[in-house]
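Go ahead and model the full structure; you've got the sequences and the hints to work with.
Listed below are the residues making up each chain.
Protein chains: 2
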Amino acid sequence: MDNNSPIGIFDSGVGGLTVLKEIFRVLPNEATIYLGDTARVPYGIRSPDTVTRYSFENTEFLVKKSIKLLVIACNTASSISLEAIKNHFSIPVIGVIEPGAKAALGSTKTNRIGIIGTEGTIKSNSYINSINAIRNKGTVAVKIKDHGTKYLDRYFKIEADGMVIFTKACPLFVSLAEEGWTTNDVARLTVKHYLSGLKKENIDTLVLGCTHYPLLKESIAEVMGDDVSLIDSATETVKEIKKMLSVLKLESKSDKIQRQFYVTDSPERFLLIGERFLGQKIEHIEKIAVGI
Amino acid sequence: MDNNSPIGIFDSGVGGLTVLKEIFRVLPNEATIYLGDTARVPYGIRSPDTVTRYSFENTEFLVKKSIKLLVIACNTASSISLEAIKNHFSIPVIGVIEPGAKAALGSTKTNRIGIIGTEGTIKSNSYINSINAIRNKGTVAVKIKDHGTKYLDRYFKIEADGMVIFTKACPLFVSLAEEGWTTNDVARLTVKHYLSGLKKENIDTLVLGCTHYPLLKESIAEVMGDDVSLIDSATETVKEIKKMLSVLKLESKSDKIQRQFYVTDSPERFLLIGERFLGQKIEHIEKIAVGI
Chain A
0 MDNNSPIGIF DSGVGGLTVL KEIFRVLPNE ATIYLGDTAR VPYGIRSPDT
50 VTRYSFENTE FLVKKSIKLL VIACNTASSI SLEAIKNHFS IPVIGVIEPG
100 AKAALGSTKT NRIGIIGTEG TIKSNSYINS INAIRNKGTV AVKIKDHGTK
150 YLDRYFKIEA DGMVIFTKAC PLFVSLAEEG WTTNDVARLT VKHYLSGLKK
200 ENIDTLVLGC THYPLLKESI AEVMGDDVSL IDSATETVKE IKKMLSVLKL
250 ESKSDKIQRQ FYVTDSPERF LLIGERFLGQ KIEHIEKIAV GI
Chain B
0 MDNNSPIGIF DSGVGGLTVL KEIFRVLPNE ATIYLGDTAR VPYGIRSPDT
50 VTRYSFENTE FLVKKSIKLL VIACNTASSI SLEAIKNHFS IPVIGVIEPG
100 AKAALGSTKT NRIGIIGTEG TIKSNSYINS INAIRNKGTV AVKIKDHGTK
150 YLDRYFKIEA DGMVIFTKAC PLFVSLAEEG WTTNDVARLT VKHYLSGLKK
200 ENIDTLVLGC THYPLLKESI AEVMGDDVSL IDSATETVKE IKKMLSVLKL
250 ESKSDKIQRQ FYVTDSPERF LLIGERFLGQ KIEHIEKIAV GI
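Here the protein sequences line up with chains A and B, keeping their order. According to numbering that gives the first Met the number 0, the first sequence is numbered sequentially starting from 0. According to numbering that gives the first Met the number 0, the second sequence is numbered sequentially starting from 0.
Simulated from the structure, these hints should not be mistaken for laboratory data. From the three backbone atoms N, C-alpha and C, an ideal C-beta is built for every residue, glycine too. Don't take every hint at face value.
To be verified - Each computed DSS-like pair below joins lysine-lysine, with the alpha-carbon atoms no more than 30 Å apart:
{"hint": "1", "chain 1": "B", "residue 1": "Lys242", "chain 2": "B", "residue 2": "Lys252"}
{"hint": "2", "chain 1": "A", "residue 1": "Lys198", "chain 2": "B", "residue 2": "Lys242"}
{"hint": "3", "chain 1": "A", "residue 1": "Lys167", "chain 2": "B", "residue 2": "Lys216"}
To be verified - Looking from chain A toward chain B, a few residues come up when the C-beta cut is under 8 Å (computed):
{"hint": "4", "residue": "Ala38"}
{"hint": "5", "residue": "Ile44"}
{"hint": "6", "residue": "Arg45"}
{"hint": "7", "residue": "Asp184"}
{"hint": "8", "residue": "Leu188"}
{"hint": "9", "residue": "Thr189"}
{"hint": "10", "residue": "Thr234"}
{"hint": "11", "residue": "Lys238"}
{"hint": "12", "residue": "Glu239"}
{"hint": "13", "residue": "Glu267"}
{"hint": "14", "residue": "Leu270"}
This is the structure we're talking about:
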């Protein structure tokens, strides 16, 4: 492992490509290996144990490829498995939660923040814990009350130290993004169903806590209005990656870099949807077996 | 294995519970073992190789439980893996495709049929092949043209021997059914997007070729109108199971039966969504490891 070793990135599928796209833009001289666990996507509906098992298997694969830094480009896996992976592997690891939490705290003026994500991310309370840790250096525990009233609604409200946080799981957003329905009438109506409750709570900052969600940004912005800042964890995470590479003096010295892709199911569907997520052609892709 | 051995049923998750519910109704004296592969759901977006690998692992688990008959209660797995499973295992196997295809042929008067299902089911052409095999005893091959115009649209039209078949993948239906949005405005609008093309083609029969879709029956019926018969593969498959048990003289002789459930991820989410699908409480559920 040296400066010219690749950055390893894994996600359950195509979602993490929004983070990879930002790496390409901000760190164009870095080699990358992206692993999409397409044989077991989505992670957002799975139990913590299963998400952690899958995350470990993905990390083991990437570590064997001599990566210099691991990026967990999936909010669900970052929420549930980041600490366990940090403790078990010796390479530096970055998740997508803390960068998003930091950015939300930097953005809010009214201390009223919304967080949206998959069921797994929302149930883990990872954003709340991260915001709390940043503000109180981890010393104050918050009490969380479930104010959900409807089936799978998972609408929480948390109050602590003058900060009010609302969280909401939006399971259909992933399917919409993958179907390419990001601005049509179904997308807009679905966004309204999920987010009009948050809108009424007068939040001024909304964290898009799933790497699929930036694709729905236009429809989300329309419902939330101009007064609400949308935090895209891809952008924030890549700022953090850049900083960490600089601190560790691990920046690439080469301009001859490779961008490799691995998937656990056949690449066909990944290419079809992924090239739209990434905004460019995907080459050097290979199907591999993980966790068998 | 004897008359009182259980019927084994597997599906990728909760969808197959629509078939199980019908087994409970029509064959109340049969013991059942249901396996939902919830750690790897959904199958509809996966490649044929992966679906077959998962289906084999599920079958091996059930065969070890001494089942007398296997039901593949998943259209995707039936479409892709039924023949391979029939060839490899010695127990009798029933899938959900042929019963649906037979019922569609029995229902249509105009010979214009629509088939909807997951990407995996539609791409496999399993219903077309099955309809063709029933009509022509498998001797005539049909030519299939892809008339899809939009991204992931997969709208096919097939003409053979005076029969016209239209197929369409409706990926969002699964997420809608699992979210419990089956008759709201988002559900109705999504149904319109997917099905108004089929409606214009004047089909008189529509096969709901995914075990999730019967939950959306009301919205689908509204868009298709009274002139279109909806074929629910659950109902048709259970008629076939009943017939096969009778032919093989394998009907249960006991009225003390057990209904067991196994899942590959933690049961929490399966119970939450599954009890709605099944319309009753789920007991005797256990998490097991398959294919690890």
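Given hint Leu270 (chain A) near chain B, where the shortest CB pair must fall under 8 Å: With Cβ-Cβ at 12 Å, over 8 Å, it is violated.
Taking the least C-beta to C-beta distance, is Thr189 (chain A) closer than 8 Å to chain B? holds, 5 Å
Hint check: Lys242 (chain B) vs Lys252 (chain B), CA-CA at most 30 Å. Holds or violated? Answer holds: Lys242 (chain B) to Lys252 (chain B) is near 16 Å, not above 30 Å.
Grab the minimum C-beta distance from Glu267 (chain A) to chain B and call the hint holds if it beats 8 Å, violated otherwise. Check passed: Cβ of Glu267 (chain A) comes within 7 Å of chain B, closer than 8 Å.
Does Thr234 (chain A) hold up as a contact with chain B if the rule is Cβ-Cβ below 8 Å? Check failed: Cβ of Thr234 (chain A) comes no nearer than 26 Å to chain B, outside 8 Å.
When the nearest CB of chain B is found for Ile44 (chain A), is that gap smaller than 8 Å? holds, 6 Å
Does Lys167 (chain A) pair with Lys216 (chain B) here, judged by a C-alpha cut-off of 30 Å? Holds, at about 28 Å.
Take the shortest C-beta to C-beta distance between Arg45 (chain A) and chain B; is it under 8 Å? This hint holds: Arg45 (chain A) lies near chain B, its Cβ roughly 5 Å from the closest one there, short of 8 Å.
Minimum beta-carbon distance criterion (8 Å), Leu188 (chain A) to chain B: Since chain B brings a Cβ to about 5 Å from Leu188 (chain A), closer than 8 Å, the hint holds.
Please check whether Ala38 (chain A) passes as an interface residue: C-beta within 8 Å of a C-beta belonging to chain B. holds, 5 Å
Grab the minimum C-beta distance from Asp184 (chain A) to chain B and call the hint holds if it beats 8 Å, violated otherwise. holds, 6 Å
Double-check Lys238 (chain A) for me: the hint is only fine if its C-beta lies closer than 8 Å to a C-beta in chain B. violated, 32 Å
Violated hints, in rising order: 2, 10, 11, 12, 14; the structure is consistent with all others.
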